[in-house]
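Asks: In case you want the letters, here they are:
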Amino acid sequence: MKRNNKLVEAFKYLKRGNTINDGWTEESPKSRDTEDIYRNRWGHDKIVRSTHGVNCTGSCSWKIYVKDGIITQETQQTDYPSTGDDFPEYEPRGCPRGASFSWYTYSPARVKFPYVRGDLMELWKKEREAGHNPVEAWENIVSNPNKRKAYVKARGKGGFVRAEWREVCEIIASSAIHTIKKYGPDRIVGFSPIPAMSMVSYAGGARFISLLGGTLLSFYDWYADLPPASPQVWGEQTDVPESADWYNTKYFIIWGTNLPQTRTPDAHFMVEARYNGTKVVGVSPDYAEYDKFADIWLPARAGTDGALAMAMTHVILTEFYVKKQEPYFMDYVKKYTDLPFLVLLKKHDGEFRTDRFARSADFTDEHKLGEWKTVVWNELTNQVDTPNGSQGFRWDGGSKWNLDLDKEDGSTIKPRLSFMETADSVELVTFPYFADENGGKISRGVPVKEIQDKHGNTLTVTTVYDLMMAHVGVNRNLPGDYPANYDDPKPYTPAWQESITSVNRNHVITVAKEFADNAARTKGKSMIAMGGGTNHWYHSDQIYRSILNLILLTGSQGVNGGGWAHYVGQEKVRPTEGWQQVSFAGDWGNMPRLQNGTSFFYFATDQFRYEDEINKSNTTWSGKYNNMHPADVNALSARLGWLPSYPQFTQNSIELVKESRERGATSEEEIVKDVVERIKSGEIEWAIENPDHPQNFPRLFFNWRSNLLGDSGKGHEYFAKHLIGGDSQVLTDTTNSWQPEHVKVEGEAPEGKVDLFVAMDFRMTSSGLFSDIVLPAATWYEKHDISSTDMHPFVHPFNAAISPPWKAKSDWDSFRELAKVFSELAEEHLPAQEELVIRPLAHDTVGEIAQAYGQIKDWRTGEVEAIPGKTMPNFHIVKRDYPNVFQKMTTIGDHLKKGYGGKGVTIPGEKVYAELLDRLGTSKREGIGKGHPDLFSDKQAINAILLMSGATNGKRAVEGWRSLEAKTGKQLTELAEAREEEDYTLDALTIQPRTSISTPVWSGMEKDNRRYSPFTVNKEYNIPWRTLTGRQSFYLDHEMILDFGEALPLYLPPLNKGPFMKGEKSIEETTPSITVRYLTPHQKWGIHTMFTESTPMVQLFRGWQVVWMNEEDGASIGLKDNDWIEVYNRNGAIVARVVLTYRIPRGMAYMYHAQDRTMGVPGTAIQKKRGGTHNSVTRITLKPTHMIGGYSQLSYGFNYYGPTGQQRDTMAIIRGLKEVDWLEN
Amino acid sequence: MRIKAQVAMVMHLDKCIGCHTCSVTCKNTWTNRSGTEYMWFNNVETRPGPGYPRRWEDTDRYKGGWKLHNGELKLRAGGPITKLANIFYNPNMAKLDEFYEPWTYDYDNLIHSPKSENLPVARPVSQITGEYIDKPEWGSNWDDDLAGGSEIVPLDPNVEKLQEHIQMEYEKTFMMYLPRICEHCLNPSCVASCPAGALYKRDEDGIVLVDHDACRGWRFCQNGCPYHKVYYNWKTHKAEKCNFCYPRTEAGLPTICSETCVGRIRYIGVVLYDADKVKAAASVEDPQDLYEAQLGCFLDPFDPEIQEKAREHGINDAWLEAAKESPVYKMAMKWKIALPLHPEYRTLPMVWYVPPLSPIMNHITNEDELNTDGYIPAVDQMRIPVEYLASILSAGDTNVIRKVLLKLTAMRVYMRGKTVGGIDEFRQSELVTQAATSPEEIEDMARLLGIAKYNERFVIPTGRREMDDDLYEQQGTCSLEELAPREGVNPAYGYMKVRENL
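Residue numbers (the UniProt record's numbering), protein chains in the order written: chain D, 1 to 1225; chain L, 1 to 502.
Hints listed in this document are in silico derivations from the structure and should not be mistaken for laboratory results. Treat the hints with caution; some may be incorrect.
What the hints assert, rightly or not - Between beta-carbon pairs, the in silico distance windows are: (1) 132(L) to 36(D): 22 to 30 Å; (2) 108(L) to 41(D): 25 to 33 Å; (3) 428(L) to 489(D): 47 to 55 Å; (4) 34(L) to 734(D): 47 to 55 Å.
Claimed, not checked - Footprint (simulated), chain L over chain D, 3 or more residues, beta carbon under 8 Å: (5) 70–81; (6) 87–93; (7) 98–107; (8) 151–160; (9) 801–811; (10) 961–969; (11) 1145–1158.
Model, not experiment: these values are computed from the prediction. In this text, a Cβ means the ideal position worked out from N, Cα and C, and glycines have one as well.
Sequences are here, hints too, so could you generate the full structure?
Replies: Okay, structure coming up:
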């Protein structure tokens, strides 16, 4: 409305209105025209549905507001499909961090153009101006040590110059071509995490790099978000309930995962469940945000959760298995766990120790793959019997891979849980004990059977259950060192844990009893949420296995409202079958190199040369393998085919094939044979055994969709020093460190291994600052993609609210552009090549039954023959058609017609290929892809993924279940049949997020609007877990595990790494200091480093960067709240401001992951260099048991199994920083 | 009797996860521009703690709200004479550092730093002076999650009052969150404080707003509001405050802070009140009687007489129906689980708070104690002292708090009994007697608090735009008024008010 004259308005004010309310209130007739100001602000032109592609389990759908062509703000969508009439809904999913994202679009931190390090650009221009073609130009730069040094040493020191896309693509493509020719394609490395957060953006780079034969690094294990216990116990990477299922639980223990702070959009289900009568218990060392919602808080000291869980295990077994026998639990553990399976006992120096599982092959030859079929004692026949469902049944070609206890002949197996009543004798069994500094052993009586094997030898066997009872110390009046009662401080009683965890024993007893009682009453609706606080430890697997005891013993897994709820990392790519094809170019028959990230970085950043004798000093069980340096175990693991290992060999994998051909090999078999011979002779060297040889450096590194160097680079300073070659703050050298025996460590560790480091981002992070080239990425409001998570059951899209501004491009488009330039250059410089690819023995392939009984046999020492695919990795000869990379990148290959799948499930391909032609259209671009389904754009890639996957296409789901029917002999297609016609497209998801469809690549049911809960399919349809016994595992029997004493869940204390090692020179003490346990839990004001720099987030707390500690600890070294501090140890140094509080106990500090060092960080006093990131004082150590492979569920899978990059076992020194030096030039 | 309708809010503190999403979405919508950097129409405070601006509850310092002087309601900051005396310098007003000096970073240096000796960094920069600062010293949420510990927590005026109850020790830690917006009071002291008469409470929905044309920037509203929820824009020299997102509520949408609240703690609904009772209610002698006195102003939307009277007073059926479904009416007036924030300020605030439950103290070691009345811990053993909650929500009356907590606890015990077993024990328990509730009421509460569907949390009739505008004209001209002035059009054709007056 038109503004009236202000003066007239003022006069109006003189006119009084009616008065009411005893003369107190006037009803004024004044104009309210100014109300239009805010109405106009609220107005907008359109709302676009998108989300945030950040490693966050949230995966929330957002409304992006566009007004006048500008993105103004975002609020959450509230239109998710309903959870049902009597159930809380998912709306509104989101958090303050996501709500601040629009800040980035126009912020001064935005990377708007391609940038190249000035020194490199100068060299490049000179070479090009001198008339060299791009590939020569690159070669001239990197093969000249002075030229190379000129730009490598400038990394991290500013001085970027703007460039054009074409030019940077030429530099990168030339580097790729040079690297392939000189060193081999596996020296091209890509790191991009968490495909679920933006699958197509991941796929863009992954498809390009895979077509080159480059190495893609895993992330879930590297982030230590992978819980190794999950594959160990279930043979599954991770499968967890959607958050709405929390509302179904009736007893919820929240254990080391800060739901309100880090699972912000989902926390309400927990809060609301309380109004439905759910009891909540919080376990945390500090008074964490979730404790606000707990009925009781158990303040366990950091890292001692395993002890608490073992004591609870003790209580549950005592109360519900011995004092009374809860029928629901009994039935459950017999059918769904390995508790009734038989284990051999073997003598070691006169003492019985537990050994491997007994197998059918021990007793008879009647079973095919009998060495992979585990056995139980059948109560009905009183003899050993072989139930269906163990690993052997999966691969024996039959259809009995199921959990049925009924046999074909009509008889039934009734597994005996305990030999307590029917034992032949009671033997003292020695168990390892690691809770004390000096370790020890425990000797306890176990009822055993003595039975004859097929050769007539007597085997001493018992059940896993009887071993558990003895190990946990449940007194059944057997001889040995059993505790008398709960107050007896012998392992693993409530009294025992008190001195370790500081939790009141009575609370432990109460909570354990309530948890189990609740499960008994509700048939398993007891749940435990767990996360980083319990998982990011060196002994994560044992902490988790101890906690999972509680879940399995109470029959809570595979039940809605029950089971584990592990949430760290957005790991669930719901449409995974299609995504894998698009990402790794399987449709072209391509063979990708999928490397476990932790091992890669351990070697590439030389952290292995700074090792301390972790395992040597940590065990009294005195095994063979725990005395080996982790690098040596990793090398062993690689050559036995357990873990992948790229770069593969010191020799170029292209040259190897050429040489074999020159030596007369013609067929693939002959080439492989020749190569194996040369490997055995030592002529060909494993790269992992000489990682610091220049031939084995990673040469070209792509980092996209992540901030590796400011965020997830555990051992950041080693990255800076060795991989990057920039300034670092490593405060020690390798003099006092533990060095490997077999892996070569000659001379000084090299610095600046990478020739070219490329980052793609829309903001300038530490990763960008250290890179040679920074490419401007489109933001999440400027491109198309899809997102899914384990926290909710929906698949939903990104959409462009505006087109990418300035010179920004989506990741898909950027890599396509790169592929185009690469292929053009390859025409001239790099014709198609043959190369040798080695790949580990993989889970869910026949490789998982390569190494029977889990015995370690090294071909190098002659213990076995070197046989590819059996005693060593698989060997393949692969053709890389370099000039056609662009064609393959942008079309779907017809290799897809042969079928595809995942997790052992197969989907027929012919029909899918035909449907793709219709949906995507055909490529009209001249070349080998012409006439194929067109995969040029991100939208086409999205629709391809959706069409190919069971979760998003009902036909695929039904086809998948059908393939599983063949192996299991069970009727399964009904799980998806009702939704067979559902067929999601990008457009459909944009109208509303859609609920994923039940598919055999996941273990939960998504029918009848049931909430997703993992393993409900296994439990309700008798599908085995993908483990050795086919059941949920308490017991692990691989030789390496036995060697480490970790066959059964037990408590291992956190390591105390640092601050300095014996013999190392510490920093001169100028001010008072304190040594604390240094923890890096996820933060409140960002998702990793994302969002932390946005102005709203910055001002919502204290700006960056800060460290939390106990106020008495602070006072003891003279600190006041908000004072500057230095945090340091041998690995590096950090500058931050201190946040003092009484909410955190003494002796520990939180430096929230991850603030990056780009904002407000001055120089250290120690070295007068810029203070580091939260990872500057961390360093990774590999746990050898995570390197096992070729053995059932302990076989390699990308992001499935492998050592984790844990960082919580760190100790650091904190002291005040007197002078602030901003280190301006 | 003068019946008016108000759109009001309940915040269920027991559900608040302290995530601050409300603050960010609000800021992006309303205060993301120069002049408003330090403003948070919506903020969330960790308690115990001094809040934003620092110690806003210190009425001795800021002189906000009303006081009773010889039985008469007076502004604590003084009347027109005092205002005139202080018009160029108001000592009661919060200073910038009591809010905070907003800052940003020199981000551009990360991209455009010339080649240098060290890794480039973005240094902190004051958004007021544009100068580099070494480090921020205070912020709107500086003490989040008890940051600053015993250096900062004692600054909380409520803690000062109750020193014997608060122990700042690890083992005894407690905390809660307090999200705050403008209270849109029935008896707003900001409105009374403005020398220019620029603040007003909307007749049709009770939203309190600043007239930007009338505002002269005197800023007496800023501290006249005891909640310190009016801010001064240093660029426009006008006051700005939470507007209850009227452009959204007029369209039937919840406020931004409510719709985006992922804890789903916020509820919006209409309540009917008798405007003629406001003065008397605000003037009761004993501050602990203010809560009941305020409740006495509200009218029963199911009462046919009230409905008839309300229609006479211009409230239409859509609003009357909404008042019946109002979650605010249910929680604040019917179940009495939502309480006013600092009723002793005598402003009759209209944002209501359900006090939080909290874990029991860990000094209990007897297993049986944990099982009193089933699994749910008893109210008196909770970590957040009842006295602390009473200091904030009931002018110190702990009985009011205890009643609410008992009701919430009874709800949890009953629902556990219903879903797990043990319902008979509950019926006979002492708890159900003390909580003075019934299974029917509990099931209604559990649905609204727990299931909490969007359409049950937010019951908002669209705005009464027909009452105040030439909508026939505006339909085509809205936002183009400057281009298409009303002149030349015969107002009689479209001017609804004209017709109404006929």
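Asks: Hint by hint, say whether it matches the structure.
Replies: Here's how the hints hold up against the structure:
no., hint, result
1, 132(L) to 36(D): 22 to 30 Å, "40 Å, violated"
2, 108(L) to 41(D): 25 to 33 Å, "28 Å, holds"
3, 428(L) to 489(D): 47 to 55 Å, "41 Å, violated"
4, 34(L) to 734(D): 47 to 55 Å, "53 Å, holds"
5, 70–81, "holds (count 6)"
6, 87–93, "holds (count 6)"
7, 98–107, "holds (count 4)"
8, 151–160, "holds (count 6)"
9, 801–811, "violated (count 0)"
10, 961–969, "violated (count 0)"
11, 1145–1158, "holds (count 4)"
In this structure, the hints that do not hold are numbers 1, 3, 9 and 10, in rising order.
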